[in-house]
Amino acid sequence: MTLSPEHPEGGDTPAAADGTEAMVSYTGRTPMKQTAEDEAVTGKLLAAAAQELRQFVERTERLAAEKQDITDQMKEVMAEA
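The numbering of the sequence shown is full-length UniProt numbering, which starts it at 1 and goes up by one.
Everything labelled a hint here was simulated from the structure, so no lab data went into it. Since the structure is predicted, the reported quantities are computational estimates derived from the model, not experimental observations. Using N, Cα and C, we set each Cβ at its ideal position, and we do this for glycine too. Hints may contain errors.
Unchecked claim - The calculated SDA-like cross-link candidates involving lysine to any residue, where the alpha carbons are at most 20 Å apart (straight line), are:
no., residue 1, residue 2
1, K75, V57
2, K67, V57
3, K67, M78
4, K67, A50
Claimed, not checked - So the derived label-pair ranges between C-beta atoms look like this:
no., residue 1, residue 2, range
5, E39, E66, 38 to 46 Å
6, M32, I70, 49 to 57 Å
7, K75, T35, 27 to 35 Å
8, L46, A81, 47 to 55 Å
9, Q55, P31, 28 to 36 Å
10, A40, Q73, 43 to 51 Å
11, M78, L53, 47 to 55 Å
12, E76, G43, 29 to 37 Å
13, M74, L45, 38 to 46 Å
14, D38, L63, 50 to 58 Å
15, L63, T42, 57 to 65 Å
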């Protein structure tokens with residue numbers, strides 16, 4: 001990484017003339033605006049991630065219930081012995 005006078009330590013954003021931080025990325029360009037299409041894609045990705053997380057939780061809950069059933073069955077077998 002090459003250090004420039006605007007980024008002496010490679011991590012500081014240069015200040016604007018009015019004392020506020022300028023909206024400039026490390027490449028020197030302003031950030032892109034979110035379009036409606038960008039927001040739609042982001043929404044779909046978040047919905048897919050939420051659905052996947054929900055499936056993992058449901059699966060672990062099912063496995064916990066099966067584990068409890070097996071534990072109960074083992075107790076019954078031990079009680080018979």
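To see whether the hints hold, each was checked on the structure:
no.	hint	verdict
1	K75 / V57	27 Å, violated
2	K67 / V57	15 Å, holds
3	K67 / M78	17 Å, holds
4	K67 / A50	26 Å, violated
5	E39 / E66: 38 to 46 Å	41 Å, holds
6	M32 / I70: 49 to 57 Å	54 Å, holds
7	K75 / T35: 27 to 35 Å	60 Å, violated
8	L46 / A81: 47 to 55 Å	53 Å, holds
9	Q55 / P31: 28 to 36 Å	34 Å, holds
10	A40 / Q73: 43 to 51 Å	50 Å, holds
11	M78 / L53: 47 to 55 Å	37 Å, violated
12	E76 / G43: 29 to 37 Å	50 Å, violated
13	M74 / L45: 38 to 46 Å	43 Å, holds
14	D38 / L63: 50 to 58 Å	38 Å, violated
15	L63 / T42: 57 to 65 Å	32 Å, violated
Consistency note: the structure conflicts with the earlier hints numbered 1, 4, 7, 11, 12, 14, 15.
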